[in-house]
Amino acid sequence: MLVPSGNQLIIGASIKFAERNSLLAFSAYGVKIELRIPDALCSQLAWPIVPDAEFADEGRPDAVLTVKGGQSGEGESRYEIVENGAVLSAVTCLEAAACAVESWVQLTVATLAKELVFVHAGVVCWKDRAVVVPGRSLSGKSTLVLSFVERGAHYYSDEYAIFDFEGRVHPYWRLPKLRVASDQKVATSLLDGTLSGAPPKPIPLGWVLISRYEADSRWHPRRLSCGKTLLGLLDNTIPLRCRPEQSVRVLAGAVKNAQGFEGMRGEAADFAEQVLASL
Amino acid sequence: MKPLARKSGICAENLPEEVVLYDKTHDKVHCLNKTAAAVWENSDGSKTVDELTRVVEAKSGAPADRKLVLQALEELDEAGLMEAGSVVVAEAGLPSRREAVGKMVMAGSALVATIVAAAPKAHASPAPDPPKRGNPPHDPPPIGHWPPDHHKF
Chain A
1 MLVPSGNQLI IGASIKFAER NSLLAFSAYG VKIELRIPDA LCSQLAWPIV
51 PDAEFADEGR PDAVLTVKGG QSGEGESRYE IVENGAVLSA VTCLEAAACA
101 VESWVQLTVA TLAKELVFVH AGVVCWKDRA VVVPGRSLSG KSTLVLSFVE
151 RGAHYYSDEY AIFDFEGRVH PYWRLPKLRV ASDQKVATSL LDGTLSGAPP
201 KPIPLGWVLI SRYEADSRWH PRRLSCGKTL LGLLDNTIPL RCRPEQSVRV
251 LAGAVKNAQG FEGMRGEAAD FAEQVLASL
Chain B
1001 MKPLARKSGI CAENLPEEVV LYDKTHDKVH CLNKTAAAVW ENSDGSKTVD
1051 ELTRVVEAKS GAPADRKLVL QALEELDEAG LMEAGSVVVA EAGLPSRREA
1101 VGKMVMAGSA LVATIVAAAP KAHASPAPDP PKRGNPPHDP PPIGHWPPDH
1151 HKF
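In order, the protein sequence lines correspond to chains A and B. Using the working numbering, the letters of the first sequence map in sequence onto residues 1 to 279. Using the working numbering, the letters of the second sequence map in sequence onto residues 1001 to 1153.
In case anyone wonders, no lab produced these hints; they're calculated from the structure. C-beta: ideal position from N, C-alpha, C; glycine also. Among these hints, one or two may not hold up.
[Stated by the list, open to error] Below, computed lysine-lysine pairings styled on BS3-like, alpha-carbon distance capped at 30 Å: (1) A/LYS32 <-> B/LYS1121; (2) A/LYS114 <-> B/LYS1028; (3) B/LYS1007 <-> A/LYS256; (4) B/LYS1121 <-> A/LYS177; (5) A/LYS201 <-> A/LYS185; (6) A/LYS201 <-> A/LYS127; (7) B/LYS1047 <-> B/LYS1002; (8) B/LYS1007 <-> A/LYS114; (9) B/LYS1024 <-> B/LYS1007; (10) B/LYS1059 <-> A/LYS256; (11) A/LYS256 <-> B/LYS1028; (12) B/LYS1121 <-> A/LYS114; (13) A/LYS114 <-> A/LYS256; (14) A/LYS114 <-> B/LYS1047; (15) B/LYS1034 <-> A/LYS256; (16) B/LYS1121 <-> A/LYS256; (17) A/LYS256 <-> B/LYS1024; (18) A/LYS32 <-> B/LYS1059.
[Said to hold, decoys possible] So the derived label-pair ranges between C-beta atoms look like this: (19) A/HIS220 <-> B/ASN1014: 49 to 59 Å; (20) A/PRO202 <-> B/LYS1067: 45 to 55 Å; (21) B/GLU1017 <-> A/LYS114: 25 to 35 Å; (22) A/ALA40 <-> B/SER1008: 45 to 55 Å; (23) B/LYS1067 <-> A/ARG223: 21 to 31 Å; (24) B/ASP1065 <-> A/PRO199: 45 to 55 Å; (25) A/ALA215 <-> B/ASP1050: 49 to 59 Å; (26) A/SER77 <-> B/GLY1085: 55 to 65 Å; (27) B/ALA1062 <-> A/HIS220: 25 to 35 Å.
[To be verified] Sample of chain B residues facing chain A (criterion: CB under 7 Å; computed from the structure): (28) LEU1015; (29) GLU1018; (30) ILE1115; (31) ALA1119.
All chains should be modelled from the sequences, with the hints used to inform the complete structure.
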């Protein structure tokens, strides 16, 4: 549902915003989002922007993002990403604006979802339990997940491990995003069919792997205590500052029956091979 | 010295062998081993270190001596988990901080592990570079970074 809200003409210090805007309202994981963006940007956004998203036009949004499209004084395209009146970023092409919107939506949903705890991590299912590899952006989660899947693990997520109140891990059901075009092709051919089906059921946490890349390393991890495993998850927990009690309680429950390991890892393929052989 | 633990603004989660604390004032998470947890829980401002040592040994089930309790107190104090001024670290018999840290690192035996709770925005994906025509896909940046700079394992 795209609802045009009419032309907008805002004269800034040096930028004219005069693009036709649309309003896009949807909810995902219980969070209602409203986007007010130029029509041209709407067509750039892949739908669903985040898994579990459904159009929703009723009720007050939990968060609103506005993108103001226009031209700078030099005639260059410019898009300002605005939240609560504050400019978060400004980019000069539609593709970058679409990436910024997608990134904002993803993080906002992960922060505000009240019934779930989102941990920045890659996840696969192995022997009916979740293997969770926490890591920030650019830490290589997608590549690692893909390597696990190539060796027989079942795909769950390349971005978030989503924990419910019973400590089970839910999938973040989208195509992994890789930065190298050839890897992206592998991901698509490997998972496109799988992802067209229904997402898999939530599963108990089995293993948490805290790893750091070092060329030529082998995976010789040390076993972590329950508390250190929990710290490894909390270090990558999105809503930790917003909802600390809930985050700590939910993840503490999850790690009680799991095993945590920490160590250096080499190339993703070797790491996946060594890990799956040891679990 | 009668140590007093800081408990306001802190939520605690008990694990089988440890206690994890979230400090809302400083947005830090601490993992206390059995001994440190027993010291923190029983530092009520009424017990001397010797009395605390006996209580800790009885309650934690782990062997504790005065030196270990003092070490735990110092680490808890450093982590901001004791009321200001209730722990005097210059007690006789306590190794210097540098000596103690050196030994702990060697033995991997810190009693309190701490991380800083990251703000949600720290988890944002970095903005992509604007695409340039004719350029091949660029290599990914180096991957892996653990522990993060703010860690104090």
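Results of checking the hints against the structure:
With a CA separation close to 19 Å, the supplied pair A/LYS32 and B/LYS1121 stays within the 30 Å bound. Distance restraint check for A/LYS114 and B/LYS1028: the Cα-Cα separation of roughly 21 Å lies within the 30 Å cut-off, and the hinted pair is therefore satisfied. At most 30 Å may separate the alpha-carbon atoms for a hinted pair to count; B/LYS1007 and A/LYS256 meet this at roughly 24 Å. Of the pairs offered as hints, the one joining B/LYS1121 and A/LYS177 holds, with about 20 Å between alpha carbons and a cut-off of 30 Å not exceeded.
A C-alpha spacing of about 26 Å is found between A/LYS201 and A/LYS185, which places the hinted pair at or below 30 Å, so the restraint holds. For the given pair, A/LYS201 sits about 14 Å from A/LYS127 by alpha-carbon distance, which is consistent with the 30 Å threshold. This hinted pair checks out: B/LYS1047 and B/LYS1002 have alpha carbons roughly 5 Å apart, not beyond 30 Å. Under the criterion of a C-alpha separation no larger than 30 Å, the hint pairing B/LYS1007 with A/LYS114 is consistent with the structure, at around 26 Å.
Taking the CA atoms of B/LYS1024 and B/LYS1007, the gap is near 11 Å; set against the 30 Å cutoff, the hint holds. Only pairs whose Cα atoms come within 30 Å are accepted, and B/LYS1059 paired with A/LYS256 is accepted, the gap being roughly 22 Å. Pair hint A/LYS256 plus B/LYS1028 holds up; C-alpha atoms about 21 Å apart against a cutoff of 30 Å. For the hint pairing B/LYS1121 with A/LYS114, the CA-to-CA distance comes to about 18 Å; that is within 30 Å, so the pair holds.
A C-alpha spacing of about 22 Å is found between A/LYS114 and A/LYS256, which places the hinted pair at or below 30 Å, so the restraint holds. Distance check on the hinted pair: A/LYS114 and B/LYS1047 sit about 42 Å apart at the alpha-carbon level, beyond 30 Å; violated. Between B/LYS1034 and A/LYS256, the direct Cα distance comes to roughly 16 Å. Compliance with the 30 Å bound is thereby established for this hinted pair. For the hint pairing B/LYS1121 with A/LYS256, the CA-to-CA distance comes to about 28 Å; that is within 30 Å, so the pair holds.
Straight-line distance between C-alpha atoms of A/LYS256 and B/LYS1024 comes to about 24 Å, which keeps the hinted pair within the 30 Å bound. For the suggested pair A/LYS32 and B/LYS1059, the alpha carbons sit about 48 Å apart, so the restraint of at most 30 Å is broken. Separated by about 31 Å at the C-beta atoms, A/HIS220 and B/ASN1014 break the suggested range of 49 to 59 Å. The beta-carbon spacing between A/PRO202 and B/LYS1067, approximately 47 Å, falls within the hinted interval of 45 to 55 Å.
Roughly 31 Å separates the CB atoms of B/GLU1017 and A/LYS114, a value that falls within the hinted 25 to 35 Å. The hinted range of 45 to 55 Å is satisfied by A/ALA40 and B/SER1008, whose Cβ atoms lie roughly 53 Å apart. Distance hint for B/LYS1067 and A/ARG223: a CB-CB separation of about 27 Å, consistent with the stated range 21 to 31 Å. Between B/ASP1065 and A/PRO199 the beta carbon distance is about 54 Å. The supplied range of 45 to 55 Å therefore holds.
A hinted range of 49 to 59 Å holds for the C-beta pair A/ALA215 and B/ASP1050, which are about 52 Å apart. In this structure the hint that A/SER77 and B/GLY1085 lie 55 to 65 Å apart at CB holds, the actual value being about 60 Å. Distance hint check for B/ALA1062 and A/HIS220: the Cβ-Cβ separation is about 28 Å, which falls inside the suggested range of 25 to 35 Å. With a least beta-carbon distance of about 5 Å to chain A, the hint placing B/LEU1015 at the interface is held under the 7 Å criterion.
For B/GLU1018, the shortest C-beta to C-beta distance to chain A is roughly 3 Å, which falls under 7 Å, so the interface hint holds. Against a cut-off of 7 Å between C-beta atoms, the interface hint on B/ILE1115 holds, since the closest Cβ of chain A lies about 5 Å away. The restraint placing B/ALA1119 at the interface with chain A holds, with a minimum CB-CB distance near 6 Å, inside the 7 Å limit.
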